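K.L.:
Now for the letters of each chain:
2 protein chains.
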Amino acid sequence: MDTADIAEPRGSRGQRRERAGGRDGRRAGQGAQPLHHKAPYIIRNIPTYDIMGEESLLRIEDTADRILAEIGIEFRDDPVALEHWKSAGADVDGLLVRFEPGMLREILKSAPASFTQHARNPANNVEIGGKSVVFAPAYGSPFVMDLDKGRRYGTIEDFRNFIKLAQSSPWLHHSGGTICEPVDVPVNKRHLDMVYAHLKYSDRCFMGSVTAENRAEESIEMARIVFGRDFVDRNCVILGNVNVNSPLVWDGTMTHALRAYARANQAAVIVPFILGGAMGPVTNAGAIAQSLAETMAGCALTQLERKGAPVIFGNFLSSMSLRSGSPTFGTPEPAIGSMVIGQLARRLNLPLRCAGNFSNSKLPDAQAMNEGTMSMLSAVHCGANFILHSAGFLDGLLSMSYEKFVMDADFCGALHSYLAGVVVDDNTLALDAFREVGVGKHFLGCAHTMENYQTAFWDSAIADNEPFEKWDIAGRTDAASRANKRWKQTLADYEAPPMDEATDQALLEYMERTKAAQADAWY
Amino acid sequence: MDTADIAEPRGSRGQRRERAGGRDGRRAGQGAQPLHHKAPYIIRNIPTYDIMGEESLLRIEDTADRILAEIGIEFRDDPVALEHWKSAGADVDGLLVRFEPGMLREILKSAPASFTQHARNPANNVEIGGKSVVFAPAYGSPFVMDLDKGRRYGTIEDFRNFIKLAQSSPWLHHSGGTICEPVDVPVNKRHLDMVYAHLKYSDRCFMGSVTAENRAEESIEMARIVFGRDFVDRNCVILGNVNVNSPLVWDGTMTHALRAYARANQAAVIVPFILGGAMGPVTNAGAIAQSLAETMAGCALTQLERKGAPVIFGNFLSSMSLRSGSPTFGTPEPAIGSMVIGQLARRLNLPLRCAGNFSNSKLPDAQAMNEGTMSMLSAVHCGANFILHSAGFLDGLLSMSYEKFVMDADFCGALHSYLAGVVVDDNTLALDAFREVGVGKHFLGCAHTMENYQTAFWDSAIADNEPFEKWDIAGRTDAASRANKRWKQTLADYEAPPMDEATDQALLEYMERTKAAQADAWY
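Protein chains in written order, with our numbering: chain P, 15 to 537; chain A, 15 to 537.
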């Protein structure tokens, strides 16, 4: 397929900005649009929440530099990565690599501060970097759960369901990656089914496999079938999320995948997962310094593989219950620590992935949304551009919850209004309305209210805002049961976005051929 | 009772600061203390979240000035208030008062930027202003609800129960005011029972009645019995929360109460409750400008009644469902608007009350904690010093929920850790720990972890952080059912703080005498 088949995004960047600008974007919409119409992504209209002063930031950066120079990072099972480091001038001693202060920052200058990820429907392209905010579903749970059937292993049917739910939500912007593990498909082949499902059931941006170099490459190859080989070489169309094996170890599986994405000019997301007290220090400042060191090394490696390749500075701080040793999620220390991560990423001029809608609850209950909301707000406050785990995360990421997915997606909608900030202009200041209404009267029917009410307030599809008596008569539902009803209705109403028959056939043939070339493996 | 009987707060302000400083404060505690020991209030260690630039702030202030100068505010049923305004040079035309731009700001210069509210136990004194954050229970619900008995009218027994629950929580700092309406006590006498209950069952700071001038004065008189007349004349020991009748009307009931508190050198909290689209414009900027105008007028009136009296700049932005006309709570527009309110209050150099743990849910469910958490975080981010409605608020403030009270108080605990920010020093940067652990090992038993783990992470009493299997075996509880168990246990374990017998008798005699002087009224 030729790149000529691929339409460029409609309109200029400037037009997209206007369209995506939260409330302003909505106001610019047609009268016939739903009250809050979909934007392909958010352009934040509020500043980031910068909590740390220059001196402390410098101390954290200095500590990261000293970790890199004095302790170093081990790169296992990847001789090419070690060769890259040698060529770049790092001190390579066996598997251990040490870095002069400033070296990684210098290498990182070639990485773009912002880039476009292209979707097969160009209207759904997302910008990742700067003031953009992109919401993607949770990633990586082996289990799924819902109120009817409880918790069980995820299947390819669940996987497709979540793609359909994400595609149906106006408030998510991205189809995500391994939304749940489809354990009914062989381990060595499921990446093909997952990528196909993203391409088939969604027309938004998505993520590929990272669990082996060939799986990363095959994920990218499927993207090439859809977008065209040349287009993919020049543009980002797929992301790969790679994890550091903290503390201070990069495993070969991950660096092979990282390099595969970079080599193809696709964006790797570089993510240390640091459970404070286990994979890093129990104190936030030290865990943040470690995270900075590990992420800088991973991001820099993408630039050594292919200078100028897009890359995302990722982060996943977490805490643990020091009574039981269990990991905890959606807790205050990682939430406030994320603000500092945001500041550090911006000082490197890199796009940021940070935080998400985390919870350790085993139900879509009050705990789930207390932890999730605190954590998700930290993501948007810290300036994260790509927010993985925006919807569905429960059970410490072991389970993808259908009900929480729907509640979280609804909250993502609320965040569109939140990130629009407080617009100040003659219309919003409403001095004429005060003159019209005067003292002691109500604004319900005044001209200003009539002109503005359709876009004034977020309108949740999950919250019950009826008076108690009406709620009582209507069956005394809780949020989880309303979400249960909603995901079923959404799946029933789902319509697949159109896909060109030849493209579909080409994808299916590639899958079949690739699967046939190897025996099933289940571990 | 003489003021000599009243102990001054232990230690200097400087010592209190250290003790109250969140995680640092905890670290300074004894080894035998619980992991997260109680602080009398929080000194925030993170900056406020200032989202609006100077130009927009000036436009909002200018709009408030024009509302005050061109439209004005009506002061009903309070000739003394009108006299005050005349003397101050305002343009008084019947009940309508108009203010020259700058006039109210000038008057407000005499109000303190920060003040101490004294508790009968001086260890529980709170500072209101500057970097302090004080959590108080929700205020004003006619109904109460719990999982066992559902929703019903509040009684004096419920009222006492909530005081006991607040007093038992290490994470609330203040006993609040009308936690719920005790509808089994006559309307004209219940303020006496409420103030007595706060004084008897709590030894923290509290609030008095505002529903009539004599009730405000009798509330203050009871405080005088406990603290001594001279002490009360020199120090704030009771707060009164007065509401504007928005838009742009101050009712006499409220200004009489406001003046009673100011006259006694006690702090009035001046709160417009603006439901956007009803009591104010449907757009945030206009509602904020109106709120600023109304609050400045109320705060200034306290200074005309008694120059230098403490006063709190209050605010309660809200939104409405434009499908049903119902008020909504915990929604994004008031949350982000609160940040601007915070900036405006600081420009006036006044202590701030703003936001709280709001929700419109009728159950302690996912909706309750999604809305509550967003709203409560806006309170701490905007720099509110006194956060009324920190715990228990459900059903659009019509119901006080036992379970949500417990969950909210637990979240207030998490906010102690959150507001401690990210401390950067040699210990927290943990470079020695990296040297000890090296690459690829875990930090679980290293010296740094052992030295820091007890204070490292917030430890929720409500969240279930066990693995799924253990949670399953333990009975698959949700957060609400755990909270249900916890409030019952807390009430069973409650012990009243000691009260001097003579003081108790004096209070009871005053109550009896005051009640006997008038017939019961039930409306």
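Accuracy of the hints is not assured; some may be wrong.
No copy is singled out in the list; a pair is fine if it fits within one copy or between any two copies.
Derived lysine to aspartate or glutamate pairs resembling DMTMM-like cross-links, with alpha carbons at most 20 Å apart [what the hints assert, rightly or not]: (1) Lys-455 with Asp-107; (2) Lys-123 with Asp-76; (3) Lys-214 with Glu-523; (4) Lys-145 with Glu-450; (5) Lys-529 with Asp-105.
Everything labelled a hint here was simulated from the structure, so no lab data went into it.
None of the values given here were measured: they were computed from a predicted structure.
K.L.:
Which numbered conditions among the earlier hints are violated in the structure presented, ordered from lowest to highest?
P.N.:
Structure breaks hints 4 and 5.
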